[in-house]
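There are 2 protein chains.
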Amino acid sequence: MAKLLEMKAQLGGDEGKHKFVLKTPKGTRDYSPKQMAIRERVFSTITSCFRRHGAEVIDTPVFELKETLTGKYGEDSKLIYDLKDQGGELLSLRYDLTVPFARYLAMNKITNIKRYHIAKVYRRDNPAMTRGRYREFYQCDFDIAGQFDPMIPDAECLKIVHEILSDLQLGDFLIKVNDRRILDGMFAVCGVPDSKFRTICSSVDKLDKMPWEEVRSEMVGEKGLSPEAADRIGEYVQLQGGLELVERLLQDPRLSQNKLAKEGLGDMKLLFEYLALFGITGKISFDLSLARGLDYYTGVIFEAVLLQQENHPVEEPVRVGSVAGGRRDLFKASPSSKISSRKMPFLSSICHGSRWLLAAMEHLSSLLLTLPTASEEKIRTTETQVLVASAQKKLLEERLKLIAELWDAGIKAEVLYKKKPKLLNQLQYCEDTGIPLVAIVGEQELKDGVVKLRVVATREEVNVPRESLVEEIRKRTSQP
Amino acid sequence: MAKLLEMKAQLGGDEGKHKFVLKTPKGTRDYSPKQMAIRERVFSTITSCFRRHGAEVIDTPVFELKETLTGKYGEDSKLIYDLKDQGGELLSLRYDLTVPFARYLAMNKITNIKRYHIAKVYRRDNPAMTRGRYREFYQCDFDIAGQFDPMIPDAECLKIVHEILSDLQLGDFLIKVNDRRILDGMFAVCGVPDSKFRTICSSVDKLDKMPWEEVRSEMVGEKGLSPEAADRIGEYVQLQGGLELVERLLQDPRLSQNKLAKEGLGDMKLLFEYLALFGITGKISFDLSLARGLDYYTGVIFEAVLLQQENHPVEEPVRVGSVAGGRRDLFKASPSSKISSRKMPFLSSICHGSRWLLAAMEHLSSLLLTLPTASEEKIRTTETQVLVASAQKKLLEERLKLIAELWDAGIKAEVLYKKKPKLLNQLQYCEDTGIPLVAIVGEQELKDGVVKLRVVATREEVNVPRESLVEEIRKRTSQP
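Heads up: the sequence lines are chains W and V, in that order.
Going by the numbering used here, 276 is the number at position 276 of the first sequence; the sequence numbering is gapless.
Going by the numbering used here, 443 is the number at position 443 of the second sequence; the sequence numbering is gapless.
The shape of chain W in the complex, shown without the other chains (with noise of 0.2 Å):
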């Protein structure tokens, strides 16, 4: 069939000189409608909680100027889509939701805002599809931004992504958590240059996926760390743990002698009440390997995890490993401020303070859907309620009439788009699409003024009088 129709527009039409392709972009994919469903199930939990802690909504456009995003990721800079000069101004697509946030707030002079975003991004990259990741995928983006006494806004976002994740119901997961104050602090007691800071955390980093001797040998063979150095940091980033660590480190000899290090520290021990006083701190990991050092993280550094499941196929190829991320920001950029990878002149005079960012649930719904329960479960496309059928081949207008009532009356109705349809062919209909109930006019029941209601599933038939029609199908189909 598929090369029939190659062969057919290779043939057919002015177009066909060339063989014509039928797929989307490299990268990108459609969305069925059971990946739709699935697809507004998370966004709809993800929203709700959103809505719940307050936040408002905002809307950028897909594209910005190309000046926009100039400078703004380094590296990663090759990866932004640009748009074809036709004219005008030069434009690219977004590459994330934090710069045209970022040019929002300062285009519209707001230094106090908590918002959600929830759009799609592009990235010229080489995703690996079978994980998940694409070219065009979509980022949940939370931020709180604006200047508030300490580790409130913090411990929140933490609240938010253990109750996100639990809604998800994703299985077991854990919420890791660190502060680039303390990872700071800790390298320099350890005795990393600051020359090697970044390149040190990279390897750091790492240890969720290798084993400390192979980070280790990294850090001093290919990196030029010294043995002894490294030895101090192997001493730091296999700890893990919750407020208990937070205090021992506090009278940590070397720790507690650097500044940002207790700072770090004493925010951490913060957040823990914080944190104990929500009822979260079982899912929540104190751990000194989460090194995400980029230069304009300022606080505090999340990662949650989903744990493989004891119950999953071994063959089982996602890895289902982070799902979402979160750090302080420093939501601003003055010429003094080492902000070198994502410079946001536009801010300079808008935005004093911090920023909360809680983002990147971004493989989140892909994942989803390669779940196994995902492709398990059977799932519905449509929210009809009830077939509006007919008994005798004819009847057509007394079907159209009945379910205008019903869909005046909020009810979702569906009719077949046939004059004289077979009563099996109505009933079979449901059976393939999930509808619930039927709704059958005959003759007889006309003359009654009753409605036979077919319960799908066990087959029951009752006859309703037709006024209390609409409000039996809301009882037999509200959710409990």
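For the record, the hints were derived by calculation from the structure and aren't laboratory data.
Each hint should be verified, as a subset may be incorrect.
Any copy, or any two copies together, can satisfy a pair, since identical chains are not distinguished.
Stated by the list, open to error - Okay, derived cross-link-like pairs now, BS3-like style, lysine-lysine, Cα gap no bigger than 25 Å in a straight line:
hint: 1; residue 1: K452; residue 2: K120
hint: 2; residue 1: K452; residue 2: K422
hint: 3; residue 1: K401; residue 2: K420
hint: 4; residue 1: K196; residue 2: K209
Note that the structure is a prediction, hence the values are computed from the model and not measured.
For this one, chain W is given, so just place chain V on it according to the hints.
Coordinates of chain V only, in the frame set by chain W:
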């Protein structure tokens, strides 16, 4: 302030060598939280209606292979946004949702589907933004594709438009209908040569903005139609009515002799019978001046217009005109078909039959944003039900504990991110953002095991036992 910003941008940072422009690309705009609140209300009304009618939903990438769009839009192809050639495939931003839909059907060999798709499309046009027209704008497409008994899907499309416009409460409206075959037949019996069909169509289509005399002189003077033919057209295109007009025209000595016109009028009669069963003929007008002559329109065409309200201020700049349109389409292209402006070779072996399209709510939400009602109304941008506050400065811990209880029970709640907020500031925040309730914890309340619940609007305060607080908040904020 804007000036200061500009100057700062010019001076500060490495980017500052040229003037940094803080704007969205031409023809695009951001949606603020307030605009998003309106947009989401409109979309949720539209979506609910589509779902009530049993539609599925799909999504496609924002860009397509350039060749997928090539040759589909005739003259308008110059308005397509191309992506820059950065290696790999040549891509273009989607111009509408129809071509991606057709590509989706062909790729997946789907012949039968009822789906909607609400998404942004892109046109390098010079739009009148004051009228709510942009280069990036939403389309809300609802399509029924497949082969069905005559006029049942057509009638449902009109019912949907009727429901949506009623639900949106935009004021009075009228849905004009005509049929491509009636147009063809009418022009034929009036003596319009085939070669002039398109151009005469477009003259007739101006009748909603121009008096007949001007349209007539355009047809005769500019377009070279004979005065006799023009006069004959004039007799028809000034007719509007319902079923009685259809029946009169079925008896018309000239039209009844034309095969196409007779077929179209027969179906129009059937349509009106179905619309009567749906109870919506009151707002439907069979209007012979509705002349959309595109080659691939094969049956019913319709267009919904908002009627000017008496009580609208005269200086109202928004032209409340067409807000929705649709038609039956020939959704295939075979060498023998006449489709010239919308070739879809990839559909040739897939989609036999027709398609019913209800499209072009495209400017509806833009329109709503600029309507006076929308700006006058007080619109909330969050859904927060309750602010958790404290009477005394301190008690942050108690506030956090209480708000976690509320979040976990699904209550939408906020707390100020301050260790020691003043009660007055907390109450003011509720006034500003429209939060209806305040849950106040204080030393005494904690001792008594109660929370003081304050109604912001009335300043009424009641002590509620902590264990029934959730229920009390739900009761007081439930929509009737």
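Tell me the hint numbers this structure goes against, listed in increasing order. 1
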